[in-house]
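Chain residues, written in single-letter form:
2 protein chains.
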Amino acid sequence: MIYAIIFGANSYEHEISIVSAIVLKKVLKAKLLFIFCDKNRDFYLIDNAKMNAKTFSSLAYKKEKRLILKQGGFYEKTLFSDKKIECDCCINLVHGKDGEDGKIAALFDFFNIEYIGPRLEASVISYNKEFTKLYAQKVGVKTLPYKILKNYDATSLLSPLDYPCIFKPTRLGSSIGIQILSEASQLDYSLDVAFEFDDELLVEPFIDNIKEYNLAGCMIKDEFVFSIIEEPNKNKFLDFEQKYLCFSSHSEVQEADLSEELKEKLKENFKKIYNPLFKGALIRCDFFIHNDEIYLNEINPNPGSLANYLFKDFSSIIQNFAQNLPHEKQININYSFLHSINGQKGKL
Amino acid sequence: MIYAIIFGANSYEHEISIVSAIVLKKVLKAKLLFIFCDKNRDFYLIDNAKMNAKTFSSLAYKKEKRLILKQGGFYEKTLFSDKKIECDCCINLVHGKDGEDGKIAALFDFFNIEYIGPRLEASVISYNKEFTKLYAQKVGVKTLPYKILKNYDATSLLSPLDYPCIFKPTRLGSSIGIQILSEASQLDYSLDVAFEFDDELLVEPFIDNIKEYNLAGCMIKDEFVFSIIEEPNKNKFLDFEQKYLCFSSHSEVQEADLSEELKEKLKENFKKIYNPLFKGALIRCDFFIHNDEIYLNEINPNPGSLANYLFKDFSSIIQNFAQNLPHEKQININYSFLHSINGQKGKL
Numbered sequence: 001m002i003y004a005i006i007f008g009a010n011s012y013e014h015e016i017s018i019v020s021a022i023v024l025k026k027v028l029k030a031k032l033l034f035i036f037c038d039k040n041r042d043f044y045l046i047d048n049a050k051m052n053a054k055t056f057s058s059l060a061y062k063k064e065k066r067l068i069l070k071q072g073g074f075y076e077k078t079l080f081s082d083k084k085i086e087c088d089c090c091i092n093l094v095h096g097k098d099g100e101d102g103k104i105a106a107l108f109d110f111f112n113i114e115y116i117g118p119r120l121e122a123s124v125i126s127y128n129k130e131f132t133k134l135y136a137q138k139v140g141v142k143t144l145p146y147k148i149l150k151n152y153d154a155t156s157l158l159s160p161l162d163y164p165c166i167f168k169p170t171r172l173g174s175s176i177g178i179q180i181l182s183e184a185s186q187l188d189y190s191l192d193v194a195f196e197f198d199d200e201l202l203v204e205p206f207i208d209n210i211k212e213y214n215l216a217g218c219m220i221k222d223e224f225v226f227s228i229i230e231e232p233n234k235n236k237f238l239d240f241e242q243k244y245l246c247f248s249s250h251s252e253v254q255e256a257d258l259s260e261e262l263k264e265k266l267k268e269n270f271k272k273i274y275n276p277l278f279k280g281a282l283i284r285c286d287f288f289i290h291n292d293e294i295y296l297n298e299i300n301p302n303p304g305s306l307a308n309y310l311f312k313d314f315s316s317i318i319q320n321f322a323q324n325l326p327h328e329k330q331i332n333i334n335y336s337f338l339h340s341i342n343g344q345k346g347k348l
Numbered sequence: 001m002i003y004a005i006i007f008g009a010n011s012y013e014h015e016i017s018i019v020s021a022i023v024l025k026k027v028l029k030a031k032l033l034f035i036f037c038d039k040n041r042d043f044y045l046i047d048n049a050k051m052n053a054k055t056f057s058s059l060a061y062k063k064e065k066r067l068i069l070k071q072g073g074f075y076e077k078t079l080f081s082d083k084k085i086e087c088d089c090c091i092n093l094v095h096g097k098d099g100e101d102g103k104i105a106a107l108f109d110f111f112n113i114e115y116i117g118p119r120l121e122a123s124v125i126s127y128n129k130e131f132t133k134l135y136a137q138k139v140g141v142k143t144l145p146y147k148i149l150k151n152y153d154a155t156s157l158l159s160p161l162d163y164p165c166i167f168k169p170t171r172l173g174s175s176i177g178i179q180i181l182s183e184a185s186q187l188d189y190s191l192d193v194a195f196e197f198d199d200e201l202l203v204e205p206f207i208d209n210i211k212e213y214n215l216a217g218c219m220i221k222d223e224f225v226f227s228i229i230e231e232p233n234k235n236k237f238l239d240f241e242q243k244y245l246c247f248s249s250h251s252e253v254q255e256a257d258l259s260e261e262l263k264e265k266l267k268e269n270f271k272k273i274y275n276p277l278f279k280g281a282l283i284r285c286d287f288f289i290h291n292d293e294i295y296l297n298e299i300n301p302n303p304g305s306l307a308n309y310l311f312k313d314f315s316s317i318i319q320n321f322a323q324n325l326p327h328e329k330q331i332n333i334n335y336s337f338l339h340s341i342n343g344q345k346g347k348l
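Residue numbers (UniProt numbering), protein chains in the order written: chain A, 1 to 348; chain B, 1 to 348.
Just so you know, these hints were derived from the structure itself, not from any lab. Any given hint could turn out to be false.
Said to hold, decoys possible - Computed, partial: chain B to chain A, Cβ under 10 Å: (1) L120; (2) D198; (3) I331.
Glycine included, C-beta positions come from ideal geometry on N, C-alpha and C.
Turn these sequences into a full structure, and let the hints steer you where they fit.
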């Protein structure tokens, strides 16, 4: 099995995606190729020995092989023809825009490339936090109440807010741009900050010390494979080492101290979210538990380094998953309608 | 202004898209290029003189110039380098899958190509008829009540139905696969037919002789441009000539006989649906009116031949629109996070 890890792209989480790929190189036991999408969305095949932060921060990646996308895969330009880069499965490791908003999914579906990652609909639903709420409601999973403030709709900004509350840009799949407001005097400044990132802003009540639990998983041949349940580190601003440790299996994660009943309930909620929309992706769902009720906080359809640190036997799960991915239905076209026109008057 | 019309692709409406493009050639007064996406999703630049049905049904298109997609546009391969096809604006005229499900939008956004057509989120929301209903409800537009039957969930199939009802594949943006059931004896056969097209099936009450009205429009510089309101031909199965006439301005469409008040209400509903999700697209909304209430039936984000026959002065609207299209926000990446790592212990 040869995997090609796709990372980078035009995203606020471009640099996190690079870290995520470097970590995956260490923890995924398989033959790996690294395909970097730079901020201009040009693709480069990065030599494995050069998979370190400096290759990117110094722009040295530009000396690596340029690739282009065509039917069936990535190709390297050679003097006479294009040479296909052989791989069995791509892994979408682009976080945030481009990777989690549906673009990479669309490219891979369009060009018939086998991949692990959220499909188009799943991406759009999880990338937009309001769509996530509408979807969760439809499948019977609770979320916190919310309001949407719109930069382009002044009346939406007049709606009174309860404090403390939390501001989230509607369409960033990460903690970027998130603000906690304790009182109304912070409103104007916080609106300015939030509207830097998106024209729509989701406001939720901020519940201090609410319990958070993360659960990752995927579905392989109609069976769910779950990670352990993690109670994440609440330090809001992780420094580099924490971020790195967060993504790698070197930090030993303790299973959260929860009753079997609550663990089972979290899994039931995960299943409702996952099946069938997220088939093909290994996702992490972040839940709140408040007064024994479970609420979905957000869906990470491409979690950092695929949340490898939450799984025992990560490499074999990925291998099994890669051999059982869903495919888009191909439509056969036989031109029967156009053939039927021939000879008719009004011929096109 | 040079437009490139993109049509075809891997869709049940592949052939309709070809007709749609041929019609647009006759009605859009401008310099036009025709880029055909075949069922394998290879791109061809079709000579204008060859834009007729036979070029496609005979597979003669394969002798035309092959194009590839790269940053900034479509390119023709030449012996030494790739030559860019010069155009000012692409028009997404792919109907159904690929064109209206978000793939073309994703390709054009990813490769920084200017285009008329629904953006990624708008595509996913309008392509999936259940998401359309959730979205309509959110923006305050009524739709008919519905149930979802799922091929992968036997309990969903046990839910009793009221007859007559109408079956619609959840994810086909057209009249393909739609069935009217008058009694329960038709259920098994109809389920088999429906699940040929999609794993999810939307069921609505069938209201005989419900009034239908179509309204097309777009937003140019914060101003709405509306078409006339049409009461569409109710013949369900259009033959070739009707389909052709339907898409072309040669058939003179009469404005529907509606009070000014109802016309205004239809426009208000259109605005709620359109703004801001559908910015960049010229869409047609199909509404029902029943007991003086307005219901959204469906959104056509790429209507046949851009619903040109509903507009006076179609060519100048398109020109004005093409000069005022929305663009995706580009994110600047300066590697400050990776730079901050240099020198830290635990260097990547």
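Hints, verified against the model:
For L120(B), the shortest C-beta to C-beta distance to chain A is roughly 5 Å, which falls under 10 Å, so the interface hint holds. Given the 10 Å rule on beta carbons, the hint for D198(B) holds: about 9 Å separates it from the nearest Cβ of chain A. Restraint check, I331(B) versus chain A: the minimum CB separation of about 5 Å is within 10 Å; hint holds.
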